[in-house]
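**Student:** Sequence:
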Amino acid sequence: MGRASAVVVGAGIAGLCAAIGLRRRGWEVLVLERTPHLGPVGAGLTLMANGLRGLDALGVGASVRGAGLADAPGGLRTPTGRWISRVDGAAMTRMLGTTAVGIHRARLHQILCEALPADRLVTGAEVVDVVPGPPPRVTYRHDGRETSARPDLVVAADGINSVVRGRLWADLPPPVYSGSTAWRGVTDLPWRGDLATAVSWGRGSEFGIVPLVDGRVYWYAAVNADAGRHSPGGDEMRMVRTLFGAWHHPVPALLHATAAAAVIRTDIYHLGTPLPSYRVGAVALLGDAAHAMTPFLGQGANQAIEDAVVLAAACDPAGDVVAALTAYDVQRRPRSQRVARAALQIGRFGQQLSNPVAVGLRNAVMRLTPPRIALRSMAGHADWDPPVIPSTTA
Numbered sequence: 001m002g003r004a005s006a007v008v009v010g011a012g013i014a015g016l017c018a019a020i021g022l023r024r025r026g027w028e029v030l031v032l033e034r035t036p037h038l039g040p041v042g043a044g045l046t047l048m049a050n051g052l053r054g055l056d057a058l059g060v061g062a063s064v065r066g067a068g069l070a071d072a073p074g075g076l077r078t079p080t081g082r083w084i085s086r087v088d089g090a091a092m093t094r095m096l097g098t099t100a101v102g103i104h105r106a107r108l109h110q111i112l113c114e115a116l117p118a119d120r121l122v123t124g125a126e127v128v129d130v131v132p133g134p135p136p137r138v139t140y141r142h143d144g145r146e147t148s149a150r151p152d153l154v155v156a157a158d159g160i161n162s163v164v165r166g167r168l169w170a171d172l173p174p175p176v177y178s179g180s181t182a183w184r185g186v187t188d189l190p191w192r193g194d195l196a197t198a199v200s201w202g203r204g205s206e207f208g209i210v211p212l213v214d215g216r217v218y219w220y221a222a223v224n225a226d227a228g229r230h231s232p233g234g235d236e237m238r239m240v241r242t243l244f245g246a247w248h249h250p251v252p253a254l255l256h257a258t259a260a261a262a263v264i265r266t267d268i269y270h271l272g273t274p275l276p277s278y279r280v281g282a283v284a285l286l287g288d289a290a291h292a293m294t295p296f297l298g299q300g301a302n303q304a305i306e307d308a309v310v311l312a313a314a315c316d317p318a319g320d321v322v323a324a325l326t327a328y329d330v331q332r333r334p335r336s337q338r339v340a341r342a343a344l345q346i347g348r349f350g351q352q353l354s355n356p357v358a359v360g361l362r363n364a365v366m367r368l369t370p371p372r373i374a375l376r377s378m379a380g381h382a383d384w385d386p387p388v389i390p391s392t393t394a
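Quick note on the UniProt record's numbering: the sequence shown kicks off at 1 and runs consecutively.
Read the hints as simulated data drawn from the structure, not as lab findings.
Model, not experiment: these values are computed from the prediction.
Pairwise CB distance ranges, derived in the manner of DEER restraints: (1) P134 / T242: 51 to 61 Å; (2) D383 / G81: 28 to 38 Å; (3) D226 / Q345: 15 to 25 Å; (4) G81 / R238: 22 to 32 Å; (5) P134 / W83: 47 to 57 Å; (6) P390 / W83: 40 to 50 Å; (7) H249 / P174: 35 to 45 Å; (8) G245 / P134: 52 to 62 Å; (9) D214 / P274: 30 to 40 Å.
Cβ coordinates follow ideal geometry from the N, Cα and C atoms, glycine included.
Please put together the full structure from these sequences, using the hints given.
**Tutor:** Right, dumping it as structure tokens:
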């Protein structure tokens, strides 16, 4: 009898982590990615304690830590540079057992790809149909022809606009606009000036700074805006400088050190209607396909990693797939949806708050909040211990 097989739809962080975990468990895995060529895309992200522990469980944690940079002490500031609250990095590490790590998304993606055999990833593969089963069936178009695969398990990790979710959860409303648009960039060269890992809140605006291991700096900016707007002539950097160029040091200098063409603008969408289940038949959703959330807690990638670890731990290749996916759903749906709600709420309290009186009151309350209470609140969502993934030679 052959090995149990799984098809993973999507080669982002969620899909690759799921593939790594399932192979570690003993599954024969094939990853289908719609993009014709995988390359260095995106900007930076922060891996919290929960994400790092999940990567440890997948066997790639050490490589990721080596390619990232532990967060320096920082906190929250105003556009003038006045501190609203500070984060004690050492205290956070003591509380969670590990620090947060800033890493370029492209480097993380490379590490995850390298953890899989090259022939297990098919690019330019567009999924056109999924039958949930069991047993499931996946039909995809590659090199001009359609192919049907009949695995034992299908994992849909194809992002916020998931094709699989659209087919199998057809009654679910589409993603909704959060009311915020964001820009992301990375400085061209290593940064030589002083720096603190920090988020600065203005009126309906936010600017974040995350150092990377090669000395460059990842930054992001967000404002309240109508969906679908773009800067005149496509010059997004000009718009960022107009909005944030007078903010505290080193914000203007970081913008000056970033190539205008490298700035990415994205309207922020999320799944406004929580899914009633992450499973149908022998198909499971994970990552943004299951619970796309706003980025205001920095938990999107971390929750995707959690999904992958729990899925791999639950799915015994010799066991009942439907029962395993039911267990995955029971474990992951309540927590991930709770984190998604919290991310939406902190965005309304933070970046999206624009009334000057409310902003002043919020800042005053946060300044008066004891550091240990603020720290405990911040650490709460990152305090997660992964299940053990039984390792089988793959």
